[in-house]
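Now for the letters of each chain:
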Amino acid sequence: MPALLSPGTPAPDFALPVTPDQKLSLSELRGRPVILAFYPADWSPVCGDQMALYNEILSEFQKHEAELLGISVDGVWCHTAFAKDRNLHFPLLADFEPKGAVSKAYGAYFDAAGISERALFVIDKDGIIRWSYCSPIAVNPGAEGILDALEALEK
Amino acid sequence: MSTLKIPISSLDHVQGNAKAACTLVEYGDYECPHCGAAYPLVKQLQKHFGKRLRFIYRNFPMTQLHPNAQAAAEAAEFAESKGKFWEMHDLLFENQDRLGSDLFAELASNLGLDPGELYRALAKKTFTDRVRTDFTGGVRSGVNGTPTFFIDGQRYDRPMDFDTMVKAIEESIAS
Numbered sequence: 001m002p003a004l005l006s007p008g009t010p011a012p013d014f015a016l017p018v019t020p021d022q023k024l025s026l027s028e029l030r031g032r033p034v035i036l037a038f039y040p041a042d043w044s045p046v047c048g049d050q051m052a053l054y055n056e057i058l059s060e061f062q063k064h065e066a067e068l069l070g071i072s073v074d075g076v077w078c079h080t081a082f083a084k085d086r087n088l089h090f091p092l093l094a095d096f097e098p099k100g101a102v103s104k105a106y107g108a109y110f111d112a113a114g115i116s117e118r119a120l121f122v123i124d125k126d127g128i129i130r131w132s133y134c135s136p137i138a139v140n141p142g143a144e145g146i147l148d149a150l151e152a153l154e155k
Numbered sequence: 156m157s158t159l160k161i162p163i164s165s166l167d168h169v170q171g172n173a174k175a176a177c178t179l180v181e182y183g184d185y186e187c188p189h190c191g192a193a194y195p196l197v198k199q200l201q202k203h204f205g206k207r208l209r210f211i212y213r214n215f216p217m218t219q220l221h222p223n224a225q226a227a228a229e230a231a232e233f234a235e236s237k238g239k240f241w242e243m244h245d246l247l248f249e250n251q252d253r254l255g256s257d258l259f260a261e262l263a264s265n266l267g268l269d270p271g272e273l274y275r276a277l278a279k280k281t282f283t284d285r286v287r288t289d290f291t292g293g294v295r296s297g298v299n300g301t302p303t304f305f306i307d308g309q310r311y312d313r314p315m316d317f318d319t320m321v322k323a324i325e326e327s328i329a330s
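Chains A and B are the protein sequences, given in the same order. Going by the numbering used here, 85 is the number at position 85 of the first sequence; the sequence numbering is gapless. Going by the numbering used here, 159 is the number at position 4 of the second sequence; the sequence numbering is gapless.
If you're looking for bench data, these hints aren't it; they were derived computationally from the structure. Hints are all accurate, no fakes.
List time: in silico DSS-like cross-link candidates among lysine-lysine, alpha-carbon distance up to 30 Å: (1) Lys280(B) with Lys237(B); (2) Lys160(B) with Lys198(B); (3) Lys174(B) with Lys202(B); (4) Lys125(A) with Lys160(B); (5) Lys104(A) with Lys23(A); (6) Lys160(B) with Lys63(A); (7) Lys239(B) with Lys279(B); (8) Lys104(A) with Lys84(A); (9) Lys160(B) with Lys155(A); (10) Lys23(A) with Lys63(A); (11) Lys160(B) with Lys174(B); (12) Lys160(B) with Lys237(B); (13) Lys160(B) with Lys206(B); (14) Lys84(A) with Lys280(B); (15) Lys237(B) with Lys174(B); (16) Lys198(B) with Lys322(B); (17) Lys279(B) with Lys63(A); (18) Lys63(A) with Lys280(B).
Covered stretches of chain B, going by a simulated chain A footprint (3 or more residues, C-beta under 8 Å): (19) 216-229; (20) 294-303.
Cβ atoms here follow ideal geometry from the backbone N, Cα and C, with glycine treated the same way.
Take the sequences, apply the hints, and build the full model.
Here it is, written out as structure tokens:
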């Protein structure tokens with residue numbers, strides 16, 4: 001597997017489905033920080049869920065005007081049902097076809113299982129990766145690394 | 156490994172001896188079933204370690220998953236203002252399946268507190284910031300779900316069962 005893209009690398013652009021009839025591209029968000037949160041799958045256990053945690057702290061991310069995008073290989077209908085069930089207030093992108101292509105471009109694909117790694121990226125307003133982190137797949141990395149990275153952007 | 160960033164202070168809810176050999180911090184949510192399961196576990200640990208263990212509870216309500224979690228946390232903070240935090244904390248977990256304003260009023264009455272005053276505190280959001288402060292401090296410390304425990308400031312990532320936690324606390328005391 002190629003290594004996780006590291007700080008200083010321009011973030012590869014992509015356009016992925018965000019709803020059944022809409023795509024979102026990274027370049028549309030140029031001008032403010034973007035947090036990419038690759039994760040293995042929708043529907044992991046409730047209270048320890050990484051996406052649920054980020055949903056709770058969106059306001060902390062928004063203080064930095066940052067946009068959060070969740071990405072997994074689940075399809076859009078799955079994402080839609082998951083987001084509704086968990087009351088998520090940020091977009092989930094479907095890296096579904098060709099499967100895992102964006103995850104692979106970021107070095108965040110776990111080939112053996114055919115899923116995205118639990119990888120985090122903070123991209124600055126100019127589209128450059130400023131921080132990246134890959135957590136063991138079973139460990140929810142929390143949010144402190146993201147918040148530290150967002151603060152560092154402003155220094 | 157994540158470490159506790161917010162030191163224990165006079166603002167905390169503390170049970171046990173300030174000079175205890177080990178400090179256990181829980182970030183919890185009164186509506187989270189895993190926290191409900193951890194509630195008797197903490198009691199067992201406290202009994203097992205006695206004066207060697209100090210326990211601190213901090214709020215981490217997952218409000219988008221649990222509609223009553225924030226109000227429950229604020230009800231406990233209201234009880235704190237009347238010197239009854241731990242009584243309310245225990246009752247909330249013991250009645251987790253009935254959380255809601257009727258239960259909060261009932262528990263306040265049981266503790267000799269004025270339910271009307273509790274309702275007013277909830278409506279005026281008197282304790283909202285207090286709960287949020289715990290929450291944001293937890294985020295900065297690497298709390299990644301509920302419950303999250305810290306043993307002497309180190310996040311506990313191992314299984315939440317009595318034997319494993321006893322071992323982790325003993326290791327921390329020995330180190």
